[in-house]
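Note that the protein sequences, when read in sequence, are chains Y and Z. Numbers given in the working numbering equal positions in the first sequence, counted from 1, plus 15. Numbers given in the working numbering equal positions in the second sequence, counted from 1, plus 40.
Please keep in mind that the hints were generated in silico from the structure rather than gathered at the bench. C-beta atoms are modelled at their ideal positions from N, C-alpha and C, and glycine is treated no differently. Some clues are possibly wrong.
Unchecked claim - Per label pair, the in silico range of CB-to-CB distance:
(1) Z/141 to Y/125: 17 to 27 angstroms
(2) Y/213 to Z/236: 52 to 62 angstroms
(3) Z/82 to Y/271: 31 to 41 angstroms
(4) Z/83 to Y/353: 29 to 39 angstroms
(5) Y/224 to Z/78: 44 to 54 angstroms
(6) Y/147 to Z/213: 51 to 61 angstroms
(7) Z/46 to Y/240: 52 to 62 angstroms
(8) Y/248 to Z/83: 34 to 44 angstroms
(9) Z/213 to Y/247: 45 to 55 angstroms
(10) Z/56 to Y/46: 44 to 54 angstroms
(11) Z/268 to Y/247: 46 to 56 angstroms
Unchecked claim - Facing chain Z, according to a computed beta carbon distance under 10 angstroms, are these residues of chain Y, among others:
(12) 96
(13) 101
(14) 259
(15) 288
(16) 291
Said to hold, decoys possible - Covered by chain Y, per the in silico footprint, the following chain Z stretches (three or more residues, Cβ under 8 angstroms):
(17) 200 to 207
(18) 257 to 267
(19) 316 to 326
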Amino acid sequence: MTAAAEGPAEGPADRTPADPARPVTMADVAAAAGVSVKTVSNVLAGHAHVRPGTRDRVLAAVDALGYRVNPFASRLRSGRTGVIAFALPHLYQPYFGDLAERVIAEGERRGLAVVIEPTDAVAAAERAVLTGGRRQQVDGAIVSPAALSPAEVERLRVEGPVVLLGPRLGAPPADQAVMDDRGAARTAVAHLLATGRRRIAAIGATPRGGSAALREAGYRDALAAAGVPVDDALVLDAPDWDRRSSGAAAAVRLLGSGAPFDAVFCFNDAMAFGALRVLASRGLRVPDDVAVVGFDDTEQARFSTPPLTSVDPGQEQIARTAVELLVDRIGGYAGEPRVVVAEHRLAVRESTGGPRTPVA
Amino acid sequence: MAVTMQDVARRAAVSVKTVSRVVNDEPHISPDKRARVLAAIEELGYRLNPAARTLRTGRSGVIGLGLPDLREPYYAELAHAVLQQAGRRGLTVLVDPTGGDRDRELALLRGRGGGLDGVLLYALGVGAEDADAAALPAVLLGERVEPGVAAAVDADPAVAAAVAHLVETGRRRIAVLGADPRPGSPGARRTAAFRRAARDAGLDVDEALLLDVGPRWGRQAGAEAAARLLDSGRPVDALVAHTDALALGALRAALDRGLRVPEDLAVVGSGDTEDARYAVPSLTSIAQGTSEVAGTAVALLEDRIEGRAPRADGARAAAAVELRLRESTLGVGVA
Chain Y
16 MTAAAEGPAE
26 GPADRTPADP
36 ARPVTMADVA
46 AAAGVSVKTV
56 SNVLAGHAHV
66 RPGTRDRVLA
76 AVDALGYRVN
86 PFASRLRSGR
96 TGVIAFALPH
106 LYQPYFGDLA
116 ERVIAEGERR
126 GLAVVIEPTD
136 AVAAAERAVL
146 TGGRRQQVDG
156 AIVSPAALSP
166 AEVERLRVEG
176 PVVLLGPRLG
186 APPADQAVMD
196 DRGAARTAVA
206 HLLATGRRRI
216 AAIGATPRGG
226 SAALREAGYR
236 DALAAAGVPV
246 DDALVLDAPD
256 WDRRSSGAAA
266 AVRLLGSGAP
276 FDAVFCFNDA
286 MAFGALRVLA
296 SRGLRVPDDV
306 AVVGFDDTEQ
316 ARFSTPPLTS
326 VDPGQEQIAR
336 TAVELLVDRI
346 GGYAGEPRVV
356 VAEHRLAVRE
366 STGGPRTPVA
Chain Z
41 MAVTMQDVAR
51 RAAVSVKTVS
61 RVVNDEPHIS
71 PDKRARVLAA
81 IEELGYRLNP
91 AARTLRTGRS
101 GVIGLGLPDL
111 REPYYAELAH
121 AVLQQAGRRG
131 LTVLVDPTGG
141 DRDRELALLR
151 GRGGGLDGVL
161 LYALGVGAED
171 ADAAALPAVL
181 LGERVEPGVA
191 AAVDADPAVA
201 AAVAHLVETG
211 RRRIAVLGAD
221 PRPGSPGARR
231 TAAFRRAARD
241 AGLDVDEALL
251 LDVGPRWGRQ
261 AGAEAAARLL
271 DSGRPVDALV
281 AHTDALALGA
291 LRAALDRGLR
301 VPEDLAVVGS
311 GDTEDARYAV
321 PSLTSIAQGT
331 SEVAGTAVAL
341 LEDRIEGRAP
351 RADGARAAAA
361 VELRLRESTL
371 GVGVA
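Build out the structure end to end from the sequences listed, making use of the hints.
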């Protein structure tokens, strides 16, 4: 027997009332107050035509038994589940672990439970979430596509309330809570230039487009603005952003190429931690020999060796906005897709010569 | 269009019945067929249709997963492993970060708002006295071994190996991060294992070095506890932390104070997460068989939801628990 099958007035027959773990039902309240279940329901719904003496007995029984209205039952009546999904590629990437915690907290503030749906960065799974194939149990979904290209996402017929994260789209098929990938990358690289670095490598380029293309564009913008020519030998592919090993492998290739460099801009923190590890293994000092900047400002950035300078793309704002937009849609808002761009901020730490800030 | 079981059968060149048996983890399927079906499932992104299942069984197809904190690398990796196992069985997972708070853990065990078929809980706050609290099928994750109930790892031998390793490398004053006075809690269990190992190694245990860091075993908690210890002036030359996150926090606090790791302070974590492998210095850590634990937990929960007797492989995940030695105890240039 499952909790899902329990309505307030019809507890499962195979449980005894003495079972302390069984939730208190409306029938228990009715029995204790010596009234009908219908009367209990009327009292709890605030209906006027209940005698005061009866009302008092019911409320006393509610208090004595600790009865709570079953939210699942009320959701059945409203046709909603009170649950939203957050579809993300992988929880083990620090950025998504951090973001999931924030989305769950935002959902909780609004009385919504959050289902984490891992898509494993599989295009079919992302498509299924966006088109409603995997959403029977939820009121709406926040989706962060990783495998689908921006063009593929734009072509999808999105079903039901959906908010998209990820790179800003030209013609979004749903509301978007996005970061300024390009501007944030420009800020990160401008910081390296301002601290005197000129041979700045970029780790995380991919041919897929999306966030990678935008961050690479921001990198090129910053160099161009400073009159520093782009050396394509310093732009390194890293196909799997979710793994530190990806950043480590790119750093090994960079060192092996013999191209001189004095800084590395990694397109996310996970890859930056991989790069930091390789630089340490090769005896290079950060930041004296090589400065390193990440992207995401994950919790681990404050704890790495040395602590990592990183761009916070506005994670908290993205989580809050995504839930707000989704709540609007669930509530019936049917306007054109809206786009909210979060404000970014650079957290300067020791990996680029920032001040030592003990964590405790 | 949604991928169907027929699509998977066609791609794997097997019958629909075989696909169904693989998905439901039934026995007596050749490893080759199983591998082909799983490959086709991954490739096509197939998932059981939860609506069809709900109609057939009266179940929601949703299970709850209670974890202290998704930001901590061990829990994030465990969550990922559980989500993969559950997804393969067509179960949706509702992840509930409990913060290790007993009331929130109890609420989850009681089914929270409803709609859950069962619950997996990595319990920090719930103690042995709450064993009967579950109002729906539940499996506890962690280190408590109760047949048919817990998918547990027995980390004691690895804790003993860690202590022996530290003593061999000349450490005498070993602190513990994550000592927890509540009987039956993972922290209490680990700390008891530490005491036994220390005694076996001929060490006197200094109670002042057994640190309760509270319910959240994250980086910040580890940093704060280590900072207090290091600033107290009490001699200490090694530190065993009950999670990698605690160890990473302690590592940062030690480095911030100009200490060298491991020369001045050796550090051992637990979970063998990616963070441990890529830390500078890389972190010696106790591997806990994360994917085996997740697989056992989901299988046990399915048994309980369906009212089957627990399978023979039962309570204990035959997990690869072992100590992985790295720079934080061996020094640079060795590991």
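Verification of the hints:
1. About 20 angstroms separates the C-beta atoms of residue 141 of chain Z and residue 125 of chain Y, a value consistent with the hinted range of 17 to 27 angstroms.
2. The beta-carbon spacing between residue 213 of chain Y and residue 236 of chain Z, approximately 58 angstroms, falls within the hinted interval of 52 to 62 angstroms.
3. Between residue 82 of chain Z and residue 271 of chain Y the Cβ separation comes to about 33 angstroms, which falls inside the hinted range of 31 to 41 angstroms.
4. For residue 83 of chain Z paired with residue 353 of chain Y, a C-beta distance near 35 angstroms keeps the hint of 29 to 39 angstroms intact.
5. Residue 224 of chain Y and residue 78 of chain Z have their C-beta atoms about 30 angstroms apart, which leaves the hinted 44 to 54 angstroms range violated.
6. One distance hint, 51 to 61 angstroms for the beta-carbon pair residue 147 of chain Y and residue 213 of chain Z, holds here, with the actual separation near 60 angstroms.
7. The hinted window of 52 to 62 angstroms between residue 46 of chain Z and residue 240 of chain Y holds, with their beta carbons roughly 56 angstroms apart.
8. Range check, residue 248 of chain Y to residue 83 of chain Z: about 36 angstroms between beta-carbon atoms, so the 34 to 44 angstroms window is met.
9. At roughly 54 angstroms, the beta carbons of residue 213 of chain Z and residue 247 of chain Y sit within the given window of 45 to 55 angstroms.
10. Between residue 56 of chain Z and residue 46 of chain Y the beta carbon distance is about 49 angstroms. The supplied range of 44 to 54 angstroms therefore holds.
11. Roughly 50 angstroms separates the CB atoms of residue 268 of chain Z and residue 247 of chain Y, a value that falls within the hinted 46 to 56 angstroms.
12. Residue-level restraint check for residue 96 of chain Y holds (minimum Cβ-Cβ distance to chain Z is 7 angstroms; threshold 10 angstroms).
13. Interface hint at residue 101 of chain Y: satisfied, since its Cβ lies 9 angstroms from the closest Cβ of chain Z, which is below the 10 angstroms cut-off.
14. Because the beta carbon of residue 259 of chain Y sits about 5 angstroms from the nearest beta carbon in chain Z, less than 10 angstroms, this interface hint is met.
15. Below 10 angstroms, beta-carbon pairs count as interface contacts, and residue 288 of chain Y has one with chain Z at about 5 angstroms; its hint therefore holds.
16. Satisfaction of the interface hint for residue 291 of chain Y is found here, the shortest Cβ-Cβ separation to chain Z being roughly 6 angstroms, below the 10 angstroms cut-off.
17. A stretch counts as covered by a chain when three or more of its residues have a beta carbon under 8 angstroms from one of that chain; for the region 200 to 207 of chain Z and chain Y the count is 0, and the coverage is violated.
18. Residues of the region 257 to 267 of chain Z lying with their CB closer than 8 angstroms to a CB of chain Y number 7, which satisfies the three-residue condition for coverage.
19. As drawn, the region 316 to 326 of chain Z meets chain Y at 6 residues by the rule of a beta-carbon pair under 8 angstroms; at three or more, the given contact holds.
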